[in-house]
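Chains as they are written, first to last, in the numbering used here: chain U, 735 to 1054; chain E, 166 to 447.
Certain hints may be false.
[As the list claims (entries may be wrong)] If you want the ones that stay clear, here's a sample from chain E, every Cβ over 10 Å from chain U, calculated:
hint, residue
1, Tyr228
2, Gly236
3, Tyr246
4, Gly347
5, Leu363
6, Ser406
7, Tyr435
[Claimed, not checked] Simulated pairs of lysine to aspartate or glutamate, EDC-like, Cα-Cα distance not exceeding 16 Å:
hint, chain 1, residue 1, chain 2, residue 2
8, E, Lys274, U, Glu749
9, E, Lys274, U, Asp747
10, E, Lys393, E, Asp307
Hints in this document: simulated from the structure, not taken from any laboratory. Glycine included, every Cβ here is placed at the ideal spot set by N, Cα and C.
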Amino acid sequence: MLSRTTQTPSLTDREARLAAWMLGPTVIVVSALVIFPVVWNLFLSLKTIALADLRGPGLFDFDLTLDNFRKAFFDYDFWPSLLTTIAYTLGGSLLSIAFGLTAALLVHGEFRGRGVLRGLFVIPYVAPIVAATFAWSFILDPQLGVLNWFGLKQGIISQPIPFFSQKWFPIQVLGTQIRLPLALLSVIFFEGWRYFPFAFLFILARLQAIPDEIYQAAAVDGAGPIQRFLHMTLPQLKTVLSTLFLFRFVWTLNKFDDIFLLTRGQAGTKVLSIKVYDYAFGEFDLGASSAVAMILFFVLALFLMIYFLWMVQEDESIYQ
Amino acid sequence: MNRERIETGILRIGRMVVLVLFLVWVLFPFYWMIISSMRSLEDIMANPSNLLPDIRQLDFHSYYAVLFEHGFVQYISNSIYVTLVTVILSVILALLGAYAVTRLRFRAKRWMSAGILGIYMFPPIVLVIPLYVLFSRMGLRDSMNILILVYLAQTLPVSLYMLRNYFHSLPVELEYAGLTDGCSRIGVIWRIVIPLSLPALTSVAIYTFMIAWNEFLFAFMFLDTPEKFTLSRGVVQLAGSVHLSKQLVMAASVIVTIPILVLFILLERYLVKGLTAGAVKG
Chain U
735 MLSRTTQTPS
745 LTDREARLAA
755 WMLGPTVIVV
765 SALVIFPVVW
775 NLFLSLKTIA
785 LADLRGPGLF
795 DFDLTLDNFR
805 KAFFDYDFWP
815 SLLTTIAYTL
825 GGSLLSIAFG
835 LTAALLVHGE
845 FRGRGVLRGL
855 FVIPYVAPIV
865 AATFAWSFIL
875 DPQLGVLNWF
885 GLKQGIISQP
895 IPFFSQKWFP
905 IQVLGTQIRL
915 PLALLSVIFF
925 EGWRYFPFAF
935 LFILARLQAI
945 PDEIYQAAAV
955 DGAGPIQRFL
965 HMTLPQLKTV
975 LSTLFLFRFV
985 WTLNKFDDIF
995 LLTRGQAGTK
1005 VLSIKVYDYA
1015 FGEFDLGASS
1025 AVAMILFFVL
1035 ALFLMIYFLW
1045 MVQEDESIYQ
Chain E
166 MNRERIETGI
176 LRIGRMVVLV
186 LFLVWVLFPF
196 YWMIISSMRS
206 LEDIMANPSN
216 LLPDIRQLDF
226 HSYYAVLFEH
236 GFVQYISNSI
246 YVTLVTVILS
256 VILALLGAYA
266 VTRLRFRAKR
276 WMSAGILGIY
286 MFPPIVLVIP
296 LYVLFSRMGL
306 RDSMNILILV
316 YLAQTLPVSL
326 YMLRNYFHSL
336 PVELEYAGLT
346 DGCSRIGVIW
356 RIVIPLSLPA
366 LTSVAIYTFM
376 IAWNEFLFAF
386 MFLDTPEKFT
396 LSRGVVQLAG
406 SVHLSKQLVM
416 AASVIVTIPI
426 LVLFILLERY
436 LVKGLTAGAV
446 KG
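If we strip away everything but chain E, and leave its shape as in the complex, we get (with noise of 0.2 Å):
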């Protein structure tokens, strides 16, 4: 035996072992939460470290009380609002603006392709105050139309940036083809540029998708009243007012994950271009 054996046989098993335990480490959480939000409260007190409960005993009781007794009906129904109408309106107004800083000749091309990333650096934190202060002032703050604009805010940038970099692959010759032939821009960006650009409207859609529904720091300063409050915004009030109650915050937590998870499994591609190209924050 020479040492390449000796050490790759050692390194084989290492990995093994160190792939599992990596894995557990990393998973361990969501199962914990999953299968607490299915224990009563007194199975939990019981035997907190009962890894494997018996499938039997499994209610769904937490999940009742927090969708209907705790207005999670509503914070659904909430964040899905804000949610889309931030995708849809990123999603059309980075294409438009893509495709206005690739294909068309104007005068500050060039120092706005070079702002646009610069900006998506400034941090959240630097930015709450200020606008808490505006719409205070502006009597706007506890609005979920306005939440939809800060997170426009937050994402154009980055949406912006992904799509100019895929339109810059894109040949130009078949858009001039169809203006040419008499197509509008307009036309020419409904049935050319968008067909071909579906993969990376996708990433930017499902990027999107990711930061407004995971968003927690504006909807917990701007939003007062609980009619108006967003999934991850009702978990925290769940959690302040049902202290001891983890089971019920746990079912919270799954409801809250569930969606982008989904997501993230099938679009999982996308998803991960999205974060890389954009090298996301967070």
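Excised from the complex, chain U in its bound form (with noise of 0.2 Å):
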């Protein structure tokens, strides 16, 4: 930095004070509700502390362990817990990204209307969580769910389906008995209908990238509208849907509201992010809940660290 050589503040100084008053509020805020938590967290995983304790003097001592990740990782239900999480996850964002690319491909184009359709696609998104979720409810309700009383009336079913209540559903396909996870394709699908305008925005606006000459060249070459789907617009479309895949991921992972407004994780929906709030207020353990919450942590950092390192090798972003 440069040496000051007068008395009155040089102007590098000056900005370099004007900077901290700007960006000051914004780092103390980020800092304490962010940046703070996280650590405090790991501390809080490493500790042997109940909801009770909370006001009681023990919550800063120093005593560490790791019972907490012991209890978590040994508890009867963690890997049943574990791979609900990862069908969930993967199901999840894969769904959304299929319905998201056929949005834009079905919107991508010249004609009227597209602009209100490109509207209409994305309203799933923006709409507040616990409307969405309990409009859903409502229409897969057993009882009085408008699905399950159209299936009736038109004899596709014999007795309503409790989506989101039921964990599994017998089908005889070629005459066994398969057992499908009933709740948890059904929290699966209710993310793909939430999240695929997401994958919409991204993937439309990457296919509206694509230059026209290339379409006009292949076809001149008599490549047909198929083969120019899955030759010429799928490869450019690569480094959208993986990024879009992993971001979709991450937050998937971790995703708390969804399940919990729609299942409270019963039926076997119980990923770990519910977990975290089981052990923290049915149990009591806020311990064990912050082990839970920083194992989530890990896996997120894990997956944001390839995605970087993938970013570095790729040298292309989702923006181009």
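With the hints as a guide, bring the two chains together.
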């Protein structure tokens, strides 16, 4: 840095001071309410602490232990819950991207009403989560839900299907009976509906950036629309699709609201984020709750690291 | 007929069919929410699958009940307070921060720019327990103002990032002219930067509005007193207490959805920009 030559503060000093004033509030708020909690969460996860100890004197004691992680890993439903989390995360991410791709291909191109369509497609994503989950719960309700009534009236089903409250749903396929994880599939389907607009917006932007000339050239060479999609459009979308997958994966992994509001984690939908809540407010064990949150955080950090390494290699971003 | 024509023809028809089905699937929950909120419980029980109810039979009783018998007038005003204060503070702080990061020289600048984006990846479920412990300990948890602070921390990184990108694209020469003419930094921001950045500021404002208005987890965990409930928190409370009166829950859902939907219809362009620029978490 420049050394001070005069008594009055130099321009550099004054700029730095002004910058500190302008950025200060943001830095304080974000440090106190984002960075500090993560660090403190690590501390809490290494302590034996119950919800009742909250006001006690031991909250800041430095008596660290790995008991919480031991409890979390050896809990009878940790591994089933991890499996559910992986299925939910993979299924939710892939489905929302598949629907997003479909929507983008439907809207791509020049036609009247295109802007309106684009706006309508984004609505599931901007609506409040409580409204979206209650609307779907009502539609799929076994007693009063319109879908079950419709199915019964048309003779498609013989009895109502409790979409969000039944764990296994037996179906006959080629003479053998298989069991579908019904509630889990229902929440995955909800994820697909709610988050496809996110994928849709990115894919549409990328589609519009592909120059028309290459399609015209391919058409002249005799490639049909399906061939053009498979051999020209899809490769162009490779980067945006993989980036979307990573973002959706990380966020679905940590998603709490949707499952909590739809099933409360019942009927085979208990993902790890629900366990964070259950430990804290069901078993009143803050330590174990923080330990599960920490496990989620490590997985997230791992994926983000992979992403940034991959970005450096690809040297091409989603914004291009 | 060659293959090109056949494929194009089939695709065109198929596309129309899929498009219509897709639209129905996307919008039906909202249609059903509105319709159900205006039907009586007896009507729903008698004929749950009536897709086109009789217009003359629609009544607004559930709205009256939700607003005046279940405290939603209070929730609406709470939500408006929390959301507007968050929006105003977020826009001001992001504006100042983004200006500092793009126009001023200081030591931690590069580190700051990179840190901003990394931070917004931290998921709420990881933050909620330690913050719950912290604010409970301090006796501050059950408060709308604490909620505002949390929402600020959640939205500021993305807001700052969006404005920073926008400021990079603005010509600096005008601001230099202002400075040499004797304008102070604050004067330059007020007279030159703000008027030039109105579109970006609108994006930031509506993005923050959406996050604060829709937020559920922190409102659910932090607020205990019904007088302080935001709308999202109030809808969940209502759904838990009037188990069978689905039409009330649907009316409440319509009430919480309408403001964000109206804003979205009016300012769609800006919101889409906000959603894509920050790759908003959710």
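Okay, the hints, checked on the actual structure:
no., hint, result
1, Tyr228, "holds, 15 Å"
2, Gly236, "holds, 16 Å"
3, Tyr246, "holds, 17 Å"
4, Gly347, "holds, 16 Å"
5, Leu363, "holds, 20 Å"
6, Ser406, "holds, 14 Å"
7, Tyr435, "holds, 12 Å"
8, Lys274(E) - Glu749(U), "holds, 12 Å"
9, Lys274(E) - Asp747(U), "holds, 14 Å"
10, Lys393(E) - Asp307(E), "holds, 8 Å"
Comparing the model with each numbered hint stated earlier shows that all of them hold.
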